[in-house]
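Trainee: Quick note on numbering: this note's numbering labels position 108 of the sequence shown as 108, and the sequence is numbered without any gaps.
Please keep in mind that the hints were generated in silico from the structure rather than gathered at the bench.
Wrong hints could be hidden among the right ones.
Restricting the straight-line Cα-Cα distance to at most 30 Å, the calculated cross-link-like pairs of lysine-lysine (DSBU-like) are [what the hints assert, rightly or not]: (1) K30 x K202; (2) K416 x K387; (3) K261 x K328; (4) K317 x K30; (5) K398 x K387; (6) K398 x K416.
As the structure is a prediction and not an experimental result, all values here were calculated from the model.
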Amino acid sequence: MVFEGFIEAESTFLWATFALALVLGVMANKTNFCTMGAVSDWVNMGDMGRIRAWLLAIAVAMLGVAILETMGLVNAGGSFPPYRGTQLIWAENILGGLLFGIGMTLGSGCGNKTLIRIGGGNFKSVVVLFVIAVIAYYMTNPFPDSDQTLFGVFFYEWIRPLAIDTAAGQDLGSLLNADNAEMTRLVIGLLLGLAILVFVFKSADFRSHRDNIMGGIIVGLVVLGGWYISSNININVEDEGYNLSTYYSEWDMLADTEEGKPAMGRPLSPQSFTFVNPMGQTFGYVSSGLSRSMLTFGIMALLGVILGSFLWSLVSKNLRFEWFASAKDFGSHLVGAVLMGFGGVLALGCTIGQGITGVSTLAVGSFLALFAIIFGSAITMKIQYYKLVYEEEATFLKALVAGLADMKLLPNGLRKLDAI
């Protein structure tokens with residue numbers, strides 16, 4: 001897609017993102033596509049239907065990126081955030097993933113589910129969104145009249161030195177065959193994506209659930225659509241093409257005026273759906289007085305998902321207003337939101353941002369974050385369940401050990417609570 005001016009190109013970029021997000025909001029609500037719900041079904045009931053839907057979305061996005069990138073139609077290498085960056089921030093991916101997984105369990109859903117629930121009339125999720133937004137914003141932006149961020153205060157000095165510098169990049173293609181990373185990514189992406197599809201569809205029960213199939217396919221296609229749109233918006237200047245990010249970096253040379261110039265250039269890079277950092281961007285957008293220059297892919301995605309979910313709630317007559325049932329309920333959601341705000345930024349994404357978008361690039365950090373999120377959520381559910389059943393007898397440590405034993409991570413002989 002080639003445009004003659006930046007404003008027209010950026011507007012198309014933003015509104016196309018909004019349209020995709022609208023579809024995501026409708027379909028996630030309609031099909032009950034929920035990553036935390038998927039973990040809950042698996043851990044508590046042994047039902048892998050929604051886990052398979054999540055894996056189907058991963059496979060669709062992964063296969064699509066592998067093929068389209070080889071065709072030159074997707075550029076995941078210079079993405080925002082830098083999934084394939086040369087610095088593997090493994091400790092941040094794991095710690096952030098654990099915090100996010102715990103947080104989404106306490107807060108009744110991940111970033112995307114929070115937006116879906118807002119669209120469905122859940123005002124508890126409005127509070128969760130606000131808390132995540134404030135923390136995510138100040139994790140990456142300094143406090144007023146200061147040069148300090150939350151990341152700098154609490155994490156940078158001890159966790160960033162643990163990062164591993166890779167020569168060519170942290171994706172599987174670059175790590176295994178740096179001399180021919182592109183072809184290696186294609187082969188790995190195709191083989192892994194197809195293997196996931198085989199695993200997903202070998203279940204007769206899954207094949208009989210239309211909503212799970214539809215949800216997985218459409219969520220995967222929406223993520224792929226985000227990659228495609230953000231990689232293919234170009235501006236023609238005297239028969240020379242510039243993408244949005246390049247045009248921004250050379251604004252003074254290419255543009256006659258500052259009118260229409262975005263406040264930041266990085267959010268113009270190729271990207272796809274993620275929701276924690278965009279919540280922070282939305283806080284910045286509102287704080288700026290809704291300045292047009294602050295609009296980003298992420299903000300449009302957030303608004304689109306909420307509206308899409310709201311429209312489906314109206315059509316299906318499922319719009320239902322909810323508020324906190326008790327002070328304990330409020331506290332649980334508050335703690336969950338805080339953990340998701342810190343964890344989502346540390347991990348560079350959420351269950352969608354790392355769990356589908358990031359994994360589709362074959363970045364090692366994305367896989368680490370995904371596994372950590374699932375583990376953090378699963379062990380939190382185990383602890384909650386044991387404390388519910390055994391009440392006062394189940395101290396945190398006893399419930400933790402029992403949960404880890406259930407997950408085959410500790411020997412059964414260490415447990416003090418019988419399996420349930």
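Trainee: Does each hint fit the structure? Answer for all of them.
Mentor: Status of each hint after checking the structure:
1. K30 x K202: Since the Cα atoms of K30 and K202 sit roughly 24 Å apart, the hinted pair holds (cutoff 30 Å).
2. K416 x K387: It holds: about 13 Å lies between the C-alpha atoms, which stays within 30 Å.
3. K261 x K328: With Cα atoms ~46 Å apart, K261 and K328 exceed 30 Å; violated.
4. K317 x K30: 11 Å, holds
5. K398 x K387: Distance of about 9 Å is within 30 Å: holds.
6. K398 x K416: With a Cα-Cα distance of about 6 Å, the restraint between K398 and K416 holds, given a limit of 30 Å.
Consistency note: the structure conflicts with earlier hint 3 alone.
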